[in-house]
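Asker: Each protein sequence line maps, in turn, to chains W and B.
For the first sequence, the residue numbers in our numbering are 11 to 257.
For the second sequence, the residue numbers in our numbering are 1089 to 1412.
No lab work stands behind these hints: they were computed from the structure.
Glycine residues also receive a C-beta, built at the ideal position from the N, C-alpha and C atoms.
It cannot be assumed that every hint is accurate.
Unchecked claim - Examples of chain W residues toward chain B, derived with CB under 10 Å:
| id | residue |
| --- | --- |
| 1 | G40 |
| 2 | T42 |
| 3 | Y43 |
| 4 | S101 |
| 5 | K236 |
Stated by the list, open to error - Okay, derived cross-link-like pairs now, DSSO-like style, lysine-lysine, Cα gap no bigger than 30 Å in a straight line:
| id | chain 1 | residue 1 | chain 2 | residue 2 |
| --- | --- | --- | --- | --- |
| 6 | B | K1269 | B | K1178 |
| 7 | W | K116 | W | K76 |
| 8 | B | K1274 | W | K116 |
| 9 | B | K1220 | W | K30 |
| 10 | W | K255 | B | K1369 |
| 11 | B | K1220 | W | K232 |
| 12 | W | K116 | W | K93 |
| 13 | B | K1139 | B | K1269 |
| 14 | B | K1274 | W | K236 |
| 15 | W | K255 | B | K1103 |
| 16 | B | K1178 | W | K116 |
| 17 | W | K236 | B | K1412 |
| 18 | W | K26 | B | K1369 |
| 19 | W | K157 | B | K1104 |
| 20 | B | K1139 | B | K1119 |
| 21 | W | K157 | W | K12 |
| 22 | B | K1103 | B | K1261 |
| 23 | B | K1220 | B | K1314 |
| 24 | B | K1276 | W | K61 |
| 25 | B | K1412 | W | K255 |
| 26 | W | K236 | B | K1369 |
| 27 | B | K1269 | W | K61 |
| 28 | W | K76 | B | K1200 |
| 29 | B | K1256 | W | K232 |
| 30 | B | K1280 | W | K30 |
| 31 | W | K157 | B | K1407 |
| 32 | W | K255 | B | K1384 |
| 33 | B | K1119 | B | K1369 |
| 34 | B | K1139 | B | K1261 |
| 35 | W | K116 | B | K1220 |
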Amino acid sequence: MKILVCISQVPDTSTKVVLKDNNTAVESNGVTYIINPYDEWYGLIRAIELKESGVASEIDLVTVGKANTEPVIRKALALGGDKAIRIDADSNDPYLTAVYIADYAKSEHYDLILCGKESIDYNNGTVGSMLAELLDMDYIGFATEIKIEGNTAIVKREIEGGEETDSCNFPLVISCQKGVAEARIPNMRGIMAARTRPLNVVTPAAIEPVTSILSYELPPAKAGVKLVDPADMDQLVELLHSEAKVI
Amino acid sequence: MSVIVFVEHDGGIIKKKNFEAVQYASGIAQKMSATVTAVILGTIGDAELEKLGEYGAQKVLHVEDSRLDELHPRAYTSALLAAIEKEGAKIIVTLNDINGRAVAPRIAVKLKAGLVAGALTYPDMEKGFVIKKAVYSGKAFAYVNIASDTKVIMLMPNTFPLAKTEGKAAIEKLAVNFGDKDFGIKVKEVSKVTGEVSLSDAALVVSGGRGMKGPENWYLIENLAKELGAATACSRPVSDSDWRPHHEHVGQTGGTIRPDLYIAVGISGAIQHLAGVNGSKTIVVINRDPEAPFFKAANYGIVGDAMEVLPRLTEAVKKFKLHK
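Looking at chain W on its own, in the form it has when it is part of the complex (with noise of 0.2 Å):
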């Protein structure tokens, strides 16, 4: 069985954001980078489980980024995968992404395509459902486990107020999140090995986008955290009724 596994580079988790060029861009200089840990924990991790345990054959890594998302790229052949492909190119328009990924993937023939359930950075959620389509396959979204039997996946996903499992033959796309893998560390060999695994630059297919970002706006400061006296939770109640109107 052959996986390819999504990556997308995003900003650390503990970034705080700033804007730049008149609010149309956000800053990069003294950004830190990692793997979206979406795709991470869960995605790449289950995958390379599924290939300890005999079950998969090889697992590829897709992103799509400039020479500049190479590190993190790096990063994720050291916890495992055979080769890795970069996509050329800068996208934040999801059926972009989507085009170009799907346009390396279609002739590589995958049984499986694991990706995060949403990068954090533009949370949108929608390139795995997007390749699906593209690619003529079966999507699951939302994951929190997979096993896979034959040439069947077992898949259990979050629904609204609970959990389904489903079937599905190959191929298949997963959206993966908590649950389907537990976070690992690479290891020195890992790292050692990740300088020799192939990373293989691909130009992107000739499409122009159909969104962009005008531009970038940060949340407004709160007022000010208005202090309620532990002794007197009736205060509270009655704030929460008559000020902030929510009981």
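Assemble the complex: chain W is given as a structure, and chain B must be docked to it using the hints.
Answerer: Showing chain B alone in chain W's frame:
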């Protein structure tokens, strides 16, 4: 021309957030002198469908096929595409939720339509077709322009208050020819948490962190939640320590919620936690440590011991409900 809105339902009951999507579609349609067609799939009664008129749908297309009572992203896509074609729709509205994310991206790709996931505003048509959405998990907002002729908008639930109108919708049944691949996913088991309020839908949420000291103290959170009719949530260290189930974890790497009221108990307020809850309309923070960073993001703060404050607050809510 019509604006198509995909309306989900929960076993034949249309929820508040789905009416919100219809109302949102109606707001867009009014700006463009268009009408609103709601598309609804699976088993549901006409009395429930008629309610869609009260939120601005002129027409309801009902695909009455019991196989659609389960989520089948490809079948849902086929049904919606049939409706879009029938109505000649150029704007498609869904919610930014689990089912919306399984369907809207497929439709967007099929129609080569630009998509905005998590819309917080109506489109600004004077500057193009510009919609505001949260990025960096709520640490910033982006103004996204859709350049394509056909547009897909996924509305963030709980963004606009609901207002009923006198409108009436005409209900039509729509027959769809499904393909062999449309039902490739087999549902083997469904387990719903009953008797509790679902976290993603909840208007009120009570959440606990490490300051609760251990799972044995969670009854204090649960008692308050029960009294308020609230859902319960927790911070990442709590779910990592298995004090609480994973699905209760809210934060940048857990769930993102936007309730009317978020009560955080014993949570210090790390930037990653805030990212999952900063869309909440009102935030109450209960913490022993007056220096906890969460107080900076709170509307109301109580500096005190959760073990003492929680029972007091639960009593106060009980009293309030009696006198209301």
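Asker: Hints first: check each against the structure and report whether it holds.
Answerer: Here's how the hints hold up against the structure:
no.	hint	verdict
1	G40	15 Å, violated
2	T42	13 Å, violated
3	Y43	13 Å, violated
4	S101	13 Å, violated
5	K236	5 Å, holds
6	B/K1269 to B/K1178	26 Å, holds
7	W/K116 to W/K76	22 Å, holds
8	B/K1274 to W/K116	25 Å, holds
9	B/K1220 to W/K30	18 Å, holds
10	W/K255 to B/K1369	10 Å, holds
11	B/K1220 to W/K232	20 Å, holds
12	W/K116 to W/K93	17 Å, holds
13	B/K1139 to B/K1269	33 Å, violated
14	B/K1274 to W/K236	52 Å, violated
15	W/K255 to B/K1103	22 Å, holds
16	B/K1178 to W/K116	29 Å, holds
17	W/K236 to B/K1412	24 Å, holds
18	W/K26 to B/K1369	21 Å, holds
19	W/K157 to B/K1104	35 Å, violated
20	B/K1139 to B/K1119	22 Å, holds
21	W/K157 to W/K12	15 Å, holds
22	B/K1103 to B/K1261	21 Å, holds
23	B/K1220 to B/K1314	35 Å, violated
24	B/K1276 to W/K61	26 Å, holds
25	B/K1412 to W/K255	14 Å, holds
26	W/K236 to B/K1369	15 Å, holds
27	B/K1269 to W/K61	28 Å, holds
28	W/K76 to B/K1200	25 Å, holds
29	B/K1256 to W/K232	41 Å, violated
30	B/K1280 to W/K30	46 Å, violated
31	W/K157 to B/K1407	50 Å, violated
32	W/K255 to B/K1384	21 Å, holds
33	B/K1119 to B/K1369	28 Å, holds
34	B/K1139 to B/K1261	16 Å, holds
35	W/K116 to B/K1220	33 Å, violated
Taken one by one, the earlier hints fail for this structure at numbers 1, 2, 3, 4, 13, 14, 19, 23, 29, 30, 31 and 35, listed in ascending order.
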